[in-house]
Amino acid sequence: GESVGLHLPTLSVQEGDNSIINCAYSNSASDYFIWYKQESGKGPQFIIDIRSNMDKRQGQRVTVLLNKTVKHLSLQIAATQPGDSAVYFCAVGGTGANNLFFGTGTRLTVIP
Amino acid sequence: DSGVTQTPKHLITATGQRVTLRCSPRSGDLSVYWYQQSLDQGLQFLIQYYNGEERAKGNILERFSAQQFPDLHSELNLSSLELGDSALYFCASSVDAGVGNTIYFGEGSWLTVV
Chain A
21 GESVGLHLPT LSVQEGDNSI INCAYSNSAS DYFIWYKQES GKGPQFIIDI
71 RSNMDKRQGQ RVTVLLNKTV KHLSLQIAAT QPGDSAVYFC AVGGTGANNL
121 FFGTGTRLTV IP
Chain B
15 DSGVTQTPKH LITATGQRVT LRCSPRSGDL SVYWYQQSLD QGLQFLIQYY
65 NGEERAKGNI LERFSAQQFP DLHSELNLSS LELGDSALYF CASSVDAGVG
115 NTIYFGEGSW LTVV
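Taken in sequence, the protein lines are chains A and B. The letter at position 91 of the first sequence is residue 111 when you use the numbering used here, and the numbering goes up by one with no holes. The letter at position 27 of the second sequence is residue 41 when you use the numbering used here, and the numbering goes up by one with no holes.
The hints are simulated quantities; they were obtained by calculation from the structure and are not laboratory data. All values reported here derive from a predicted model rather than from experimental measurement. Any given hint might turn out to be false.
Computed footprint of chain A on chain B; a stretch qualifies when at least three of its residues, placed anywhere within it, have a C-beta under 8 Å from a C-beta of chain A [claimed, not checked]:
1. 51 to 60
2. 66 to 76
Dumping the calculated BS3-like pairs for lysine-lysine here, alpha-carbon to alpha-carbon at most 27 Å [to be verified]:
3. B:K71 to A:K91
4. A:K62 to B:K71
5. A:K62 to B:K23
C-beta atoms are modelled at their ideal positions from N, C-alpha and C, and glycine is treated no differently.
Work out the full structure: start from the sequences and follow the hints.
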């Protein structure tokens, strides 16, 4: 099966700085990658996704970068705000079905 | 609000008991997923249904079962509960079942087994 890991369990950044959260996956055949944000007491909230035929995708203040060569995924958050404080999960889509394999999560803390 | 509704939000029950968790997917979504989130295992995929039929199976125990009804709501049945089954159970849904369909999660049902 797929193995997904995040590089850092916690990350603290100053308000206004950019945040980068990294993730590694194991299956080179994986085709679909997603970032979720989970606030305390809530379910995972979809942030952004990317397919393997792309290496970069941008959303509102967020960018996902995919490096298939080294099987690495990152989420960049621009001008981080206190409301961005949460646990961020990367997830990798199954190769045959739409089930997701989740990493262990990185807790982002924004310092005012 | 993702549009995925789960009940109950919290549940406390004793070991050996059986519980049913209920989920209503987002309007228009045909596929439903169940995930378990525990401190030691993280978010684990349990099972997926599409339009009433089982589509994919993950790390779901034999003591657990699920189904998706004709109105597309889904239920996860957990029986012979053990202390280790205490976790947050999420339902999620997507429009279609194929890879790449965005999956939206509900707020979860927190199960405590005592």
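Going through the hints against the structure:
1. 51 to 60: With 4 residues in contact (Cβ-Cβ under 8 Å with chain A), the coverage given for the region 51 to 60 of chain B holds.
2. 66 to 76: Holds: 3 residues of the region 66 to 76 of chain B have a Cβ under 8 Å from chain A.
3. B:K71 to A:K91: Measuring from Cα to Cα gives roughly 25 Å; hence the hint holds.
4. A:K62 to B:K71: holds (24 Å)
5. A:K62 to B:K23: Holds. K62 of chain A to K23 of chain B sits at ~11 Å (cutoff 27 Å).
This entry satisfies every hint, going by the numbered hints stated previously.
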